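**Q** Chains as they are written, first to last, in our numbering: chain A, 1 to 321; chain B, 1001 to 1309; chain C, 2001 to 2534.
If you're looking for bench data, these hints aren't it; they were derived computationally from the structure. Quantities reported herein were computed from a predicted structural model and do not represent experimental measurements. For glycine and all other residues, C-beta sits at the position ideal for the given N, C-alpha and C. Each hint should be verified, as a subset may be incorrect.
Pairwise CB distance ranges, derived in the manner of DEER restraints [claimed, not checked]: (1) F1222(B) - W228(A): 40 to 50 Å; (2) E2370(C) - L282(A): 32 to 42 Å; (3) F84(A) - Q2120(C): 20 to 30 Å; (4) Y1038(B) - G168(A): 19 to 29 Å; (5) T2403(C) - L282(A): 50 to 60 Å; (6) D2427(C) - Y1038(B): 26 to 36 Å; (7) T2403(C) - G98(A): 45 to 55 Å; (8) S171(A) - G2432(C): 23 to 33 Å; (9) I1020(B) - L212(A): 19 to 29 Å; (10) I43(A) - T1147(B): 36 to 46 Å; (11) L212(A) - T1067(B): 33 to 43 Å.
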Amino acid sequence: MEKLSTNMGSETSTLTQRSSAKDRLKKIASSWQLYVLILPAFIYFIVFHYGPMYGVQIAFKNYMPSLGIWGSPWVGFAHFKRFFDSYYFWELIRNTVGISLYSLIVGFPLPIILALALNEVKDGPFKKTVQTITYAPHFISVVVIVGMVIAFLSPSSGILNNALQFLGFESKAYMEDPAWFKTIYVLSGVWQSTGWSSVIYMAALSGIDPQLHEAATIDGASRLQRLWNINLPYLMPTMIILLIMNFGSVMSVGHEKVLLMQNPLNMPSSNIIATFTYQQGLLDAQFSYAAAIGLFNSAINAVLLLFVNKISKKVSETSLF
Amino acid sequence: MSSVAVIKKSTIKESKTDRIFLAIIYAMLIFALVIVAYPLIYIASASVSDPSVVNSGEMWLWPKEVTFEGYTTILRNKDIWRGYINTVVYTVVGTSVNLFVTIPAGYVLSRKDFPLKGIFTRMMVITMFISGGMIPSYILVNNLGLTNSMWALILPGAASVYNIVVTRTFFQSSIPDELTEAAIMDGASNFKIFSAVVLPLSKPIVAVMALFYGVGHWNQYFEALLYIDDRSKYPLQMVLREILVLQDLSSNPSTMMSEATAEYLNQQQNLSAIIKYGVMIVATLPIIMVYPFLQKYFVKGVMLGSLKG
Amino acid sequence: MKKSLKRASLLFSTALMLGAQVPTLVSAQEVNPEGFPIVDEPITLSLLAPGTGMAEWKDMPTLQYYSELTNINFEYTTPPLSDFSTRFNLTFASGDLPDIIYAPGSDVMTPALEVDYGSQGLLLPLNDLIAEYAPNLSAILEERPDILQSITTTDGNIYTLPHINVGDTASWIRGPIWINGEWMEALGIEEVPTTTDELYEMLVRFRDEDPNGNGQQDEIPLTDVKMDSTRPWLLSAFGIKEWGIEEHDGVVRYAPMTENYRGYLEYMNKLYSEGLLDKEVFSQADEQKKAKGQNDQLGMFPDWFSFFTTGQTEEESIINPMFGPLTSEYSEEPLFPMNPGISRGAFAITKDNPNPAAAMRWVDYFYSAEGHELLNRGPAGFLWDWVDEEGGEREYAQDLEATDREEYRGQITPGYGITTPELSGVDLPQIGDVAESDFQIFLREETEAKINAHGEVAYPLVYLTPEEQAIVSSIAVDLQTHIRNSEAQFITGQIELNDENWNKYVETIEKMGVEEFVQVYQAAYDRWAAAGAE
Chain A
1 MEKLSTNMGS ETSTLTQRSS AKDRLKKIAS SWQLYVLILP AFIYFIVFHY
51 GPMYGVQIAF KNYMPSLGIW GSPWVGFAHF KRFFDSYYFW ELIRNTVGIS
101 LYSLIVGFPL PIILALALNE VKDGPFKKTV QTITYAPHFI SVVVIVGMVI
151 AFLSPSSGIL NNALQFLGFE SKAYMEDPAW FKTIYVLSGV WQSTGWSSVI
201 YMAALSGIDP QLHEAATIDG ASRLQRLWNI NLPYLMPTMI ILLIMNFGSV
251 MSVGHEKVLL MQNPLNMPSS NIIATFTYQQ GLLDAQFSYA AAIGLFNSAI
301 NAVLLLFVNK ISKKVSETSL F
Chain B
1001 MSSVAVIKKS TIKESKTDRI FLAIIYAMLI FALVIVAYPL IYIASASVSD
1051 PSVVNSGEMW LWPKEVTFEG YTTILRNKDI WRGYINTVVY TVVGTSVNLF
1101 VTIPAGYVLS RKDFPLKGIF TRMMVITMFI SGGMIPSYIL VNNLGLTNSM
1151 WALILPGAAS VYNIVVTRTF FQSSIPDELT EAAIMDGASN FKIFSAVVLP
1201 LSKPIVAVMA LFYGVGHWNQ YFEALLYIDD RSKYPLQMVL REILVLQDLS
1251 SNPSTMMSEA TAEYLNQQQN LSAIIKYGVM IVATLPIIMV YPFLQKYFVK
1301 GVMLGSLKG
Chain C
2001 MKKSLKRASL LFSTALMLGA QVPTLVSAQE VNPEGFPIVD EPITLSLLAP
2051 GTGMAEWKDM PTLQYYSELT NINFEYTTPP LSDFSTRFNL TFASGDLPDI
2101 IYAPGSDVMT PALEVDYGSQ GLLLPLNDLI AEYAPNLSAI LEERPDILQS
2151 ITTTDGNIYT LPHINVGDTA SWIRGPIWIN GEWMEALGIE EVPTTTDELY
2201 EMLVRFRDED PNGNGQQDEI PLTDVKMDST RPWLLSAFGI KEWGIEEHDG
2251 VVRYAPMTEN YRGYLEYMNK LYSEGLLDKE VFSQADEQKK AKGQNDQLGM
2301 FPDWFSFFTT GQTEEESIIN PMFGPLTSEY SEEPLFPMNP GISRGAFAIT
2351 KDNPNPAAAM RWVDYFYSAE GHELLNRGPA GFLWDWVDEE GGEREYAQDL
2401 EATDREEYRG QITPGYGITT PELSGVDLPQ IGDVAESDFQ IFLREETEAK
2451 INAHGEVAYP LVYLTPEEQA IVSSIAVDLQ THIRNSEAQF ITGQIELNDE
2501 NWNKYVETIE KMGVEEFVQV YQAAYDRWAA AGAE
């Protein structure tokens, strides 16, 4: 192959005009096939995403089903203002962002570490077992997980407090302490998703040319050195892209799990945008208000994503766009 | 002679640090295994234990006062089997559609010479933030006549930006430019490149995407709630949700209930703990079993043969 | 919709056949003013209702029987109850309306939505239809003007029909608090407490004197899950009927900012800090409470029936008396909150319904004792059958176990777990030779003595105008969060209940706009009361 590429260079230089025109033509001609390959995705986004996009205006209107989306009256930023004026507005933002960043800091590195670690182990039943078991929690429904968390942390009957008491410590009602809420949320989330998230990295690592590792071993590199100099850089592009996209969902902490874990005592820490919206929705199904809040979230998410993307462009070769 | 000595020395050195390193790795993995496995064992045990010992905290690892009532209640429900079949169909068809849309798109976007690369990526990312919401989507699906059919569950989710981007990244890292240029030089058309060169190399990413999308279809509930009216077409999650609805009712008896209904629901609620766990196992065991099969595509050096060829 | 096209063409051709001039509006078939069938030629309507997953509605004998009787057939759409709200709202949003909405309940078809959709013309006003085609319901409304007041919206129209309950437990706002009868016996306590001091003393004795006899001090005198079930009953000891907006003698106030409420918080804080109120009250789930109950650790606890928590049998649980109203320095007369006995949002007719009159006649039957029996038990030959039809003797199906009856019932009739439009709680003819059980008698007596004797409705079911609703919606969620958090913080002592903190708490409530909030509800109440005076 190397020979070919060097040849390529010399050939184009000798056959200048005729071949570059032919090349360009060939490029456009063969390009059409690329368009065909990407066509299904294109059609999909146009029909199912851009088609309904006119619905965004709901956030700026007072939606009335009988008038439809187009016919409902404009209210401009009224819904946004109402959200900003809400008594708990800052608490909601603080908690939502806090949970996201905490999750990111703890939860982002772990799948990478797991994938790298598993990669060092030779294939066999142990590896398979660890992989299957660590990825299983992803499938457990959030209702069951929270049920278990509450049961495990119960001051009277939970195993954690039983263990603590056995070791001579006092039992504590962790679920009632706002200071512990985010930690419990994040750790249970990490427990649930680390194995699953490591799959991407495992797949990426499988693409490394083993020759690289062979060569490095001969040169005297230890496992750790090889991991640091070959595996990790290989994962960089994937890591960066995933990190950028994670920043694009900082405001989007879902309501289901938090709602199940919320109680009046930990509310100062567990009151997030999504649960607020949900409770509003129970009160009356105001599509417009929920849409406005959603749009607000998306705006912040977009800004964050663009920002991180820009940094990434400057600092590395990888970026989302 | 000296090189032999050098090699010997370095092999001894690497063995020791490497062994320590490996030991640490194994320790970490075993630790992770135990931490993760414990709640899983708990769930499995809870699904066959008497609810009162589960709720009081008495049962904490192995089953106590074993009862299979949870499972019999769940499996007695005839709809479950139909739900299983429906879900398998939706998952297979759906995942195929997903792959058909996502893999080629991810590849095309990874090609440096694709002129619309930037525009298309931007167009996709925009959809991550601006969305019309539930109402126009609902109306659209209705207007397309997809209501009450499998396609209402499959088409609106035919691709996700996240997955396309991940696919693109994969191709960027693992299909060297030289390979592509060489093929072009050999006169291969883009279709040929894709089918003969790229696809054979994309086993890991296809496996990952099949897993991601497949699990998404398997767990799908919300779209089915919106668009499927025929109970015979319900996917598994809908059926299981219905079983859990009864638990909802029972923890919230309303003033209009008769004593008899309230009592019956109370009986049900006593089962609710184990039903919750049992339902989960019924729902997810099949999909968990799939992973080991896909694993072989993540094996080191799977690309080795393809590259050389 | 293809359906409506088909129906329209059927009616069109019928009209032509009858030589009638085709009007711009397709006219509906004539409805028989009384008796069955309701229409002479079968018609088909579409119906949206929450499903409980017990069986397909089209297979339910009750509905099949009734369809044959009335000549009205249905296409049923029954999304699962748990997420019915989403589907319900999308249906309205997309304009694809069914003819009838059945049993959505006021959590889904909220009063606000009734006013909203009704005023937009999506729901038909039912006033005239009731007057002309619903004799059973009309009779009830005449007898109970309070019901009429509560289902009439702010523009004078009725958009939904209610579920009316006149049974023994109709006055319950939620499950009552029960006192562990065995513990009372063990300690020689003969009467249930009637004052807050007496309650305190009883709880202390529960805590200290080992009434469950196991030698360990593991008794929990009072427990609950997040206070939601015990709070209404305990608040009444301080003269408060509702944890929010309530009315006393025509004046509407917001209870959580009153001195009475402060008294409640102080009392509960005392209970909590002295170990009389379960320390886990705010963080435990229902399962933990049940486990404690079955372990005989609970002295006083809320539930629908006491044996739900304790695991006793129905008969055994008669020993547990119902908690009764208390008096205190804040409230000298015993007071208990009471349920008005109706639930709204049980039935609505949408604007595209081709035969509203038929729909009204169809639902009216269930407001009669006969109709209620059909909906409750199904037709003869399934859950029960005739022994002697002439004499009215019935018996349960032979091959059905008593314990399976309720499950079977849920499979044959839709009247199970949802807010059906009917008159329920009327005495049904006896089946078999099972007379009233001791437990039912016990329930009735306790309810009479404790709840009905001193019960008052906290605040009637009203409707707000859209402007009023906007005001309420903007503060309701914040208010709720604040008082909920504060209650927990004051009771557990996380925040000390002194003057400074109390004033801060009240100030926050005022800052949130509670004054306007109360004004809205005062105006709504005045409207409601005035309508009744007419």
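**Q** Could you run down the list of hints and mark each one as holding or not?
**A** Here is what the structure says about each hint:
Between F1222(B) and W228(A) the beta carbons are some 43 Å apart, a value that agrees with the proposed interval 40 to 50 Å. Checked against the hint of 32 to 42 Å, the C-beta distance between E2370(C) and L282(A) comes to roughly 37 Å, which is consistent with it. A C-beta distance of roughly 28 Å is found between F84(A) and Q2120(C), which places it inside the suggested range of 20 to 30 Å. Between Y1038(B) and G168(A) the beta carbon distance is about 23 Å. The supplied range of 19 to 29 Å therefore holds.
The beta-carbon spacing between T2403(C) and L282(A), approximately 35 Å, falls outside the hinted interval of 50 to 60 Å. Under the hint 26 to 36 Å, the C-beta atoms of D2427(C) and Y1038(B), about 55 Å apart, miss the expected range. With their beta carbons about 50 Å apart, T2403(C) and G98(A) fall inside the hinted range of 45 to 55 Å. Range check, S171(A) to G2432(C): Cβ separation about 53 Å, and the 23 to 33 Å hint is violated.
The beta-carbon spacing between I1020(B) and L212(A), approximately 23 Å, falls within the hinted interval of 19 to 29 Å. One distance hint, 36 to 46 Å for the beta-carbon pair I43(A) and T1147(B), is violated here, with the actual separation near 20 Å. At roughly 56 Å, the beta-carbon separation of L212(A) and T1067(B) lies outside the given 33 to 43 Å, and the hint is violated.
Violated hints for the displayed structure, listed by number in ascending order: 5, 6, 8, 10 and 11.
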